[in-house]
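Participant: Okay, here's what each chain looks like letter by letter:
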Amino acid sequence: MVTCALARLSVRMGFSEEARMNVLVCVKHVPDTETRVKVAADGLHLDLGEANWVVNPYDEYAVEQGLQLKEKLGGEVTVITVGGDDATKSLRQALAMGADKAVLCSDPAFEDADPWSTARILAAAAAKLPCDLILSGKHGVGGDNQQVGSLLGQLMGIPVVTVVTGMDLEGTSLMLKREVEGGTEMVKASLPCVISCQKGLNEPRYPSLKGIMAAKKKEIATWKAADLGLDPAALAPSFQLKKMELPPPRPAGKILSGEIPDQVKELVKLLHDEAKAI
Amino acid sequence: MNVLVFAEQRDGKLKKASLEAMSVGRDLADATGGSAAAVVLGQGVAGLAEALGKAGAEKVFVGDDALFAQYSNDAYGLAVGKAAQVFGAEALLFSATAMGKDLAPKVTARLGIGLLSDVTSIVTEGGILFRRPIYAGKAFATLAPQTGKPFGLTLRPNVFPVKDSPKAGEAVSLDHGVVPGDIKAVVEKIITAQGELLDVAEANVIVSGGRGMKGPENYKILEELAREMGGAVGASRAAVDAGWISHSHQVGQTGKVVSPGLYIACGISGAIQHLAGMSSSKVIVAINKDPEAPIFKVATYGIVGDLFEVVPLFTQAVKAMKTGA
Ligand SMILES: Cc1cc2nc3c(=O)[nH]c(=O)nc-3n(C[C@H](O)[C@H](O)[C@H](O)COP(=O)(O)OP(=O)(O)OC[C@H]3O[C@@H](n4cnc5c(N)ncnc54)[C@H](O)[C@@H]3O)c2cc1C
Ligand SMILES: Nc1ncnc2c1ncn2[C@@H]1O[C@H](COP(=O)(O)O)[C@@H](O)[C@H]1O
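Residue numbers (this note's numbering), protein chains in the order written: chain V, 87 to 364; chain L, 14 to 338.
FYI, nobody ran anything at the bench for these hints, they're computed from the structure.
Virtual Cβ for every residue (Gly too), placed ideally from N, Cα, C.
Hints may contain errors.
Stated by the list, open to error - Derived Cβ-Cβ restraints for the label pairs, each shown as a range:
hint : chain 1 : residue 1 : chain 2 : residue 2 : range
1    : V       : 331       : L       : 137       : 44 to 52 angstroms
2    : L       : 204       : V       : 303       : 41 to 49 angstroms
3    : L       : 254       : V       : 214       : 24 to 32 angstroms
4    : L       : 139       : V       : 170       : 31 to 39 angstroms
5    : V       : 259       : L       : 98        : 43 to 51 angstroms
Unchecked claim - Footprint (simulated), chain V over chain L, 3 or more residues, beta carbon under 8 angstroms:
hint : segment
6    : 56-70
7    : 122-136
8    : 170-180
I would like the entire structure built from these sequences, with the hints used as guidance.
Facilitator: This is the structure in structure tokens:
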């Protein structure tokens, strides 16, 4: 599949103005960052209360990037998620932004999917879709794994560039800017590849009213384990959940008083003698 | 359990986080009756085996090759995978640094094993358990590896101590089999930020500034304090969004989640997304002119006052303590 995509792309992009790029965007449906969490009655999961579920913030950069490439080169943007029926809300949101197609990978066997299972589900689905480029978010808020994009690329045998804040097309290659410790790195990767998107890459658009109306009519395909040729037994989580806790409350702190210069002196003394932090 | 630790070096120097990981690897091997080894990649890095031996490595697989002079997840992924196979690794440890987070999933996917990100504590008595923050630290999950199945972990920097546990640290040349054509994503250029201090993800002291900083020029006073303490400069999202400082400094749920020994919040109110990213710091100092600011709820020490008065005095006092002591 992947090699076909590459051949197709190099033919298309080599000569013509009509280079088309089909982009697959991985989108995760997550509780928004305002969410306050509680431990659920089972002691294993979280009770997210009335959390508002949204497109993972980093995935918005991925959708936006896909749309910009499509506007420049033509082609289609397909959004895909592994999740329950409620995740269609995020797919609709991406369709409203302008994505063409959406796929929901949903099956009871996917319910406890960890990053490794999620990546295998996405890889099986990606093999059935035309894609010259796969975009993911840098990380999914909540799970905080920062894995799925990289796992997917490795599974598909294509290059992976993570934490990307800039992208330029050069022939059949991408020139990517990525954040590294203490600086930026420019990386060149040939298509097809997986890119994980970081804040700074673009400014995600808001869906227009027209987009929202159009999204309602777009069809969302639902694929189950059997459709993807996946064995549910093989998707068991790699680690077994044993306990869920909230962080212990921090002991009450000391608010210093007095003249500011004296407070600062006391602070430094406390940091040195009591907290042993300096 | 045979434990292999990926040891990260930069400019021929081992990262402190890698020694932390090595110490964890040693403990894990001892608790399960296995052996611990490290793998180090780069050019001219064979000398690093000694330090890794001191932190508990029996063996150090050394990939000393021009192909590894510049990090790439393709070349490093292949080589670490190879080392894992040669060693018969049952646990594979990385630091949750920028490189570790980029590399670990490449390796575990290659080996077909699971990976747990950002582990902050490990229990080895009565079965192995790993604890990790989720929702940027709003909750902690405890998980156990599946019996008999190899796995990978990334470890949060600054939370595990470096322990002296001298072992042979025997350097073994790694027959990595990597060829130039394996590198598919090629680094063409590195732009080092000017006068950049440490990265917040790795620093043990972070001096962070928020909207109260009023403008980009004022970050200088935070830099001075950070420099005095060997730390890094962090920021709230409000400051990043205002364009005062780059996003790589942002602390919080959509920035970096950090656990330094000391976190100093200057002109930061303490919104839930910011607290999520820093409230597991060992000691927190809040400097804010609003006594009602939520940041004081998590602070170990607080000063209610104008940061433009407090911070320079703070820097002076630290300097005085260092020279006076
Ligand atoms: C999806 C999403 C994700 C987010 N992710 C993050 C994240 O990762 N990290 C993050 O930080 N935020 C994040 N936020 C934003 C967060 O909600 C807050 O808006 C932000 O943290 C506020 O930054 P601040 O504390 O610097 O600014 P403010 O809330 O405006 O606080 C400024 C503080 O400075 C004090 N002050 C002003 N002048 C002085 C002075 N001279 N001396 C001393 N004190 C002074 C004020 O009293 C005030 O408390 C996110 C928000 C959303 C919606
Ligand atoms: N269930 C999922 N469905 C679709 N994409 C996902 C899913 N989980 C993670 N991803 C993608 O992988 C990225 C990284 O997620 P994570 O590894 O969970 O932090 C996200 O930003 C998404 O783009």
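Participant: Are any of the numbered hints broken by this structure? If so, which, sorted upward?
Facilitator: Hint check: 1, 3, 5, 6 and 8 fail, others pass.
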